[in-house]
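Number of protein chains: 2
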Amino acid sequence: MSGFSFKLLASDGAARRGEIGTAHGTVRTPAFMPVGTQGTVKAMFPGDVRAAGADILLGNTYHLMLRPGAERVARLGGLHAFMNWPHPILTDSGGFQVMSLARLRKISEEGVAFQSHVDGSKHLLTPERAMEIQGLLGSDIQMQLDECVAAPATFEDAERAMYLSLRWAARSQAAFSNREGQGAFGIVQGSTYEELRTISANTLVDMDFHGMAIGGLAVGEGQQEMLRVLDFTLPLLPRDKPRYLMGVGTPEDILESVARGIDMFDCVMPTRAGRHGNAYTRHGKLNLRNAVHAEDPRPLDEESTCPAANAYSRAYLHHLFKAGEHLGPMLLTFANVAYYQDLMAGMRDAISHGRFAAFRQETLARWAQGAGNAG
Amino acid sequence: MSGFSFKLLASDGAARRGEIGTAHGTVRTPAFMPVGTQGTVKAMFPGDVRAAGADILLGNTYHLMLRPGAERVARLGGLHAFMNWPHPILTDSGGFQVMSLARLRKISEEGVAFQSHVDGSKHLLTPERAMEIQGLLGSDIQMQLDECVAAPATFEDAERAMYLSLRWAARSQAAFSNREGQGAFGIVQGSTYEELRTISANTLVDMDFHGMAIGGLAVGEGQQEMLRVLDFTLPLLPRDKPRYLMGVGTPEDILESVARGIDMFDCVMPTRAGRHGNAYTRHGKLNLRNAVHAEDPRPLDEESTCPAANAYSRAYLHHLFKAGEHLGPMLLTFANVAYYQDLMAGMRDAISHGRFAAFRQETLARWAQGAGNAG
Chain H
36 MSGFSFKLLA SDGAARRGEI GTAHGTVRTP AFMPVGTQGT VKAMFPGDVR
86 AAGADILLGN TYHLMLRPGA ERVARLGGLH AFMNWPHPIL TDSGGFQVMS
136 LARLRKISEE GVAFQSHVDG SKHLLTPERA MEIQGLLGSD IQMQLDECVA
186 APATFEDAER AMYLSLRWAA RSQAAFSNRE GQGAFGIVQG STYEELRTIS
236 ANTLVDMDFH GMAIGGLAVG EGQQEMLRVL DFTLPLLPRD KPRYLMGVGT
286 PEDILESVAR GIDMFDCVMP TRAGRHGNAY TRHGKLNLRN AVHAEDPRPL
336 DEESTCPAAN AYSRAYLHHL FKAGEHLGPM LLTFANVAYY QDLMAGMRDA
386 ISHGRFAAFR QETLARWAQG AGNAG
Chain B
36 MSGFSFKLLA SDGAARRGEI GTAHGTVRTP AFMPVGTQGT VKAMFPGDVR
86 AAGADILLGN TYHLMLRPGA ERVARLGGLH AFMNWPHPIL TDSGGFQVMS
136 LARLRKISEE GVAFQSHVDG SKHLLTPERA MEIQGLLGSD IQMQLDECVA
186 APATFEDAER AMYLSLRWAA RSQAAFSNRE GQGAFGIVQG STYEELRTIS
236 ANTLVDMDFH GMAIGGLAVG EGQQEMLRVL DFTLPLLPRD KPRYLMGVGT
286 PEDILESVAR GIDMFDCVMP TRAGRHGNAY TRHGKLNLRN AVHAEDPRPL
336 DEESTCPAAN AYSRAYLHHL FKAGEHLGPM LLTFANVAYY QDLMAGMRDA
386 ISHGRFAAFR QETLARWAQG AGNAG
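Protein sequence lines correspond, in order, to chains H and B.
Residue numbers for the first sequence follow the working numbering, beginning at 36 and rising by one.
Residue numbers for the second sequence follow the working numbering, beginning at 36 and rising by one.
Simulated from the structure, these hints should not be mistaken for laboratory data.
No incorrect hints appear here.
Remember, identical chains collapse to one label, so a pair may be satisfied in a single copy or spanning two.
Subject to a maximum C-alpha distance of 20 Å in a straight line, what follows is the list of computed EDC-like cross-link-like pairs (lysine to aspartate or glutamate):
hint: 1; residue 1: Lys357; residue 2: Glu106
hint: 2; residue 1: Lys357; residue 2: Asp154
hint: 3; residue 1: Lys77; residue 2: Glu360
hint: 4; residue 1: Lys157; residue 2: Glu144
hint: 5; residue 1: Lys141; residue 2: Glu194
hint: 6; residue 1: Lys141; residue 2: Asp192
hint: 7; residue 1: Lys357; residue 2: Glu330
hint: 8; residue 1: Lys141; residue 2: Glu163
Could you build all of it, start to finish, from the sequences and the hints given here?
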């Protein structure tokens with residue numbers, strides 16, 4: 036076991052290539068974390084998540100605290116053992132999903148009181164409890180509790196939530212169990228307001244978290260606005276800490292954010308899209324439910340090394356979704372996670388070779404070209 | 036490509052060990068065929084079906100003729116290529132499922148007219164069309180069209196259906212495309228009546244099919260009655276042809292039928308049970324939804340070589356089913372198919388070593404013992 040670490044290996048413009056060291060192994064950055072909400076990346080064997088190229092996945096504190104419960108997971112050896120994923124895990128604080136999923140939620144200085152969407156049971160999630168749960172799960176990267184407001188937010192709402200998040204950041208950091216090889220991240224809030232983002236970032240930088248997250252984006256503001264916020268927020272963050280853009284995003288969002296200096300991402304997009312018949316490929320997005328694929332003998336991408344992308348015809352995938360077969364979501368989720376990981380690997384390689392700008396142009400051009408013949 | 040063949044390698048009492056040769060490879064018997072109804076063994080990658088030990092799987096003509104359609108599958112290179120399963124495939128004739136699933140079905144000398152349960156389209160399935168479809172799919176073992184009556188059946192109903200099935204057997208055999216390495220099987224009918232089974236078996240034996248199936252069992256008559264029918268039917272069948280008991284069954288059904296001389300089985304039981312949270316193991320059946328498993332750190336079977344059975348705790352499987360996660364059905368289906376294949380491999384090995392009777396006793400005793408602590 037070694038301490039939590041971040042090494043910057045190369046940079047190319049604002050884009051960075053690095054390595055996060057945790058007790059459960061190394062995370063190559065820029066990294067995309069598939070989402071394993073309830074202790075499983077939906078419709079994937081953990082070995083395939085690894086085979087697709089993922090170094091780290093994300094677990095959701097809100098779901099796991101309700102079912103099966105953090106204490107139960109701890110008794111069973113922690114989340115890594117429970118879900119048969121011996122590699123790094125980042126957990127969120129639960130705050131975001133309490134606000135989007137729980138019933139009768141009530142936010143106060145102390146924390147968020149809510150009722151479970153599973154069984155109606157009552158809970159209070161405080162910064163201290165959020166860190167305790169993440170410690171019980173044993174996650175390698177633990178997130179402070181914060182309040183994330185949807186866009187558009189008024190300045191007053193954004194300001195109130197940002198300051199509350201800063202107070203919760205201090206309490207979260209104090210409660211962090213800080214076991215060998217684990218890290219805690221602070222979360223910059225402030226919606227789309229430069230003044231608020233600046234106060235939030237500067238305060239968190241002084242607190243010296245292991246890494247810095249940017250929250251409150253991809254919540255309705257649109258890609259252009261998101262990139263504008265990144266443009267003024269990223270220069271405020273220290274070079275020597277990993278930077279995590281929470282809940283983002285499409286392949287294009289990720290490409291543009293890496294160009295601006297983001298190191299880590301998570302999003303349900305590749306897995307959710309896969310379950311609904313949508314494939315992300317080097318040539319853009321395909322809807323396999325579309326009749327245009329019904330007799331197409333080509334695989335999703337004959338050049339992919341992922342068996343789900345290279346060994347099954349589009350016609351077969353179309354059939355599986357039409358027939359409602361489990362194998363459809365299984366194959367497309369695998370293929371999408373592999374595509375996202377291939378994209379990250381391509382960016383890491385391009386940064387190392389000082390050709391990120393060219394990689395970005397080529398990738399955008401291929402997507403634009405592919406969009407014309409996508410089904 | 037080689038011709039269709041059957042070699043008897045060993046026998047032990049009435050139990051037989053053998054090998055079926057097809058254009059797509061060898062099938063070790065006694066064999067259990069996982070069911071791939073719609074061109075996929077539900078919730079399994081084809082590579083895992085193979086890894087679990089299956090030599091052959093079963094495809095359903097009724098489902099495939101309706102969706103995606105036999106002609107479409109043929110244009111896409113046949114069923115093996117379509118579903119990425121390069122190993123042997125047996126297809127049923129469609130008759131059984133027309134009678135259980137289709138709407139407005141009407142049986143006549145010519146065949147069965149029906150409406151699709153998928154889209155209401157009208158179809159006529161004749162013995163000739165059933166064989167044509169199986170030829171288009173390219174299956175290695177093709178079944179005659181027959182009429183299967185449920186138990187209990189009156190003598191008159193069973194007799195009428197048996198004679199119709201014999202006339203359809205002759206038409207099926209005449210229509211069989213008989214490509215190199217493919218075989219056609221006749222189906223003995225006659226419900227639970229020895230007189231009818233005898234007429235059916237003797238007539239089909241004279242027709243010299245590549246193999247002999249026993250149909251119309253496991254349709255409500257109960258295990259004891261099924262075994263009684265096998266006891267008087269099996270001696271009527273030639274030693275040098277494979278014997279296939281259709282739609283059977285539980286591990287115990289299979290053990291008892293192998294003891295009587297059956298070589299091949301198919302059943303949705305391991306796959307359907309897996310999707311519903313039920314596991315078949317060496318120690319009997321477990322319902323993983325049961326709360327008794329909620330904190331059980333043991334895998335399904337630490338001695339299994341199947342990762343789904345040896346690498347995930349019962350507590351985790353319980354959680355997956357409680358949370359409605361895809362991975363639950365994926366893991367239990369894999370584990371169940373592997374268990375069924377292990378059981379077949381154990382029987383083949385026991386027959387080779389002349390210890391089938393001991394194997395049967397040990398297996399039954401272990402199940403009886405396990406039933407006490409099963410959840």
